Every structure is written in structure tokens, then in C-alpha cells.
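K.L.:
Chain residues, written in single-letter form:
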Amino acid sequence: MNPFSLRNFSILAALVLIAGYAMVFFYAPQDVEGFIQKIFYLHVPLAIVALIGFVVAAIHSIRHLRTGDPKHDARSYVSIHLSIIFGVAVLITGGIWAKAQWGVWWVWDEPTLVSFLIVFLLYCTYYPLRYAIEDRERQARYASVFAITAGAFVPLNFMAVRLADPFIHPRTFSSAGGLPGEMAITFLVCIIGVAMLWVALIRYELASKMTQGRIARLRRALDEDAGPAPRSRIAPQPEPGSTGA
Amino acid sequence: MNAFRAILAKDLRVELRTFEALPAMALFALTSFVLFRFGLDQETLEGNLAAGVLLATVLFASLLAVNRIFLAEAEQGGFDAIRLAPIDGTALYLAKASALVIFLFCLELIALPAFSILFRVGLEGLAATLLVLLLADLGIAAVGALVAAIATNSRARDLIAPLLLLPLLVPVMIGAAGAAAPLLAESGPAFGDAWRWLAVLAVYDVIFIVIGYAVYDFLLED
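So the protein lines, in turn, are chains A and B.
Numbering follows the working numbering, with no gaps: position 113 of the first sequence is 113.
Numbering follows the working numbering, with no gaps: position 79 of the second sequence is 1079.
Looking at chain A on its own, in the form it has when it is part of the complex (with noise of 0.2 angstroms):
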């Protein structure tokens, strides 16, 4: 039995994630902000999850452009998709934490969330400029120049959006590694939940994106009278006889 197949993956994620959350009920204690503490440990791995999903996905453009294989596109669309998902999950539990909190639903002063707002900002145009673009060999290769510009825009961001604040909010959490120790085990096991859902939600993406390919392909090679079958725009898909790009 592979460990590592796609079921037996999900199977493990969905453990660690009940895990994960149960220590936050019932393991980690509670923190002097009172309950609404709790909501940290789905917030900030999201977020962290979703930024590095980010990165991952200018790497994978880096690949594209690099070998040409529309496999590595394929890879970087959907992992742009889906921290694009959990970008708005980030947002909308944020908002929640600073209602609790400070009772507002969004607030200026907190670089973190302004940043986040920014970057989530510049990837929803990834959308409209992929499907701007009618070829699909230079589609996928202009996705991968803006998955790449913005990778590196991340980080930089973050850099400057942090400059304009000048701390004086006190900041409940400078770092995970600044947390109690049980807290911080805790967050460890929530975000690697969190991580291991982001990397099995891909997977089943792409798998679904590939068969949806292989099922066009064979059906057009069944009936070619039938009209043009659907095909997923941006799955991988060499046409048969003719040679990779």
C-alpha cells in the first residue's frame, strides 16, 4: 500500500487536521484574549499556507518556462487557484478575529492583513489576464511572467508594507516560536494539516484536470462527427501524432 497515493494522502490529511483541531479545543489553553484566540490557529496557517502556495507556484512557472512542459504550467495555475481560496478564507476569518477583537471588521494599522490584501489584490488578475489571451501556448507562458513577478512581489511587499508601520500596536504574537509550549506544538500540527489539505485539494485538481483532458481526447478519437468535445483550457493535453512543444 503506497502512502503516498492520492487516497490514502487525503485520508491522513483529514486525520491530522481533526488532530490538529481537537488540541485546539482540547490541548492548547486558553489564551488571556478568551476564546476568540482559538480562530489564530486557523487563520495564520491558512495564510502562511496560502503565501507559500504562492511561492511554490512561481517556481513551478520557473520550470515552465524553463522546460516548456505544460505540465509545470498546469501545476502553477492550480496552486495560484487554490491559495487564491484560501487568500479569501485568510480574509474573511481575519476579519472575524479583528470584529472579536478590536470590533472592527478590517483595520489599517495592521500590516499583516493590509499586505495579505495587496498580494491577494494582484493575484485575482491573474484570472483576467490568463483569459485574455487566446493562444494557448503564450497564455501559459505570460501566466508563467506573472506568477513569477508575482512571487517575487511577495515577499517585498510584506517589506515595505511593514516599514509604514511603525509598531507602536502591540502585536500579540511576534512569532510562533514566541508562543507557549503547548500552543506552539498545537499551531505546528494545524498548519501542517492545513498544508497537507492545500497539497491533497491540488492534487485532486490536477488529477481531475488530466482526466478530463484524457476523457476529450477519447472522445474525440471514438466519434469525430460528434462536434467539438469540452476541454479544460489549461490542462496538459499533446494532441496525439503531433510532437511536443
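If you are wondering where the hints come from, they were derived from the structure by calculation, not from laboratory data.
In this text, all values refer to a predicted model and were calculated from it rather than measured experimentally.
Idealized CB from N, CA, C, for every residue including glycine.
Keep in mind that a hint or two might mislead.
To be verified - Which stretches of chain B does chain A cover? Using the computed rule of at least three CB atoms under 8 angstroms from a CB of chain A, they are:
hint	stretch
1	1148-1161
2	1169-1182
3	1194-1208
Given chain A, work out where chain B should sit, using these hints.
P.N.:
Below, chain B alone, put in the same frame as chain A:
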């Protein structure tokens, strides 16, 4: 190097003969100042507000230049000619970015005195601001030339360029406005901790020039 000089000279010559981009940008900047005067309901500006108004105007005016920088190439087959010519994309990138820097600097030479007259901002603060803006121009041009090439080859050119450019320019806005705010203070220019902001701008410029340099060839391939 020859290709770089030829493309840059062509762009500047086209602008000198047609006068399309620069007057439009200058007019845009003046009109924006008037809009800000009524939008903010302020007759004088200083400090943070002055820096914000000035920088926002320059950034939005730069969109006009970025949208136009590849217009001739896109409409008259210049891209094909450059692809056929034995030069690499980096020469094109550097030439276009340099053209953008020159356009933006000329715009600022017009916009800053107008800003000084309309909002009664001291000229000595603005002279120092011009140096901050020069560093910002480099960043705008490095990203702008990249975004313009991406947008030109897409279907919705006018839409894609501002959508991509504005979020990418947020660090420029933060850095340049942070450096310019103490320079435009009511009590006369103070330098404060401007070096911190200038460092942000410089890092931004270097990173995006390197990225543009590295990826531009892929935007030209066909």
C-alpha cells in the same frame, strides 16, 4: 547595446514628432490636481496629504504612458520585426523602460511646479522630492515595461495593464510617499528617516529590473 540605443532613439523621436503621450500625461496631472482640490476641499497641502496627492497623480499618469509604450509595435507589426531581428528581448526591455523613465521625468518636471503653484507647496521641498520621484520612476518603468508587454499581446489591453500595474506599484507608493511626506512638511523640508524609504524603493527597483531582464525573452517568443 546598439539595438538598445536604436529602439530608445526611435521611441523618443516618435514622441517628439507626434507629441501624443507627454502632453496627455501633463494635462491628466493638472486635471487630477484640480479634482483633488475639490475632492479634498483643501487649498493648500502639506506633509502626508501632499505626498499622497502627488504620488497618486504620478502613478495614474504613468498608466497612460504604459498603455501607449507598445502601441506602435502592436499596431504596425513592430513586434514581428523585433522578433526577426537578431537582438534579444533584454535590449527591447531596457529601451522601453528607459523611455518610460524619460517620459515620467519630463512629466514630473511639468507637474511639480504646477503642484507648487496650485497648492502653495515650497519649491525647495519639491526639488528634493524630484530625486525621490526619480527612484520611484525607475520602479514604475521596470514594472511598467514588463506589464505593457504582457498586456499588449492580450485581448483586453487597456484593461489588463492597469489591473496588473496598480497592485504591483503599491510598494512604490508606500516608499515614495513615505520619503516625500517629511520633505513636503509645512515647516519646510525635513529629511527624517527618508533613507529607510529610499532603501525600499531601491530594493524594489533592483528586483524588478532583474526580473524584467530575466523573463522578457519569453514574452517575445512566438
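K.L.:
Give a verdict on every hint.
P.N.:
Tested hints:
| no. | hint | verdict |
| --- | --- | --- |
| 1 | 1148-1161 | holds (count 7) |
| 2 | 1169-1182 | holds (count 5) |
| 3 | 1194-1208 | holds (count 7) |
Violated hints are absent here; each numbered hint is respected by the structure.
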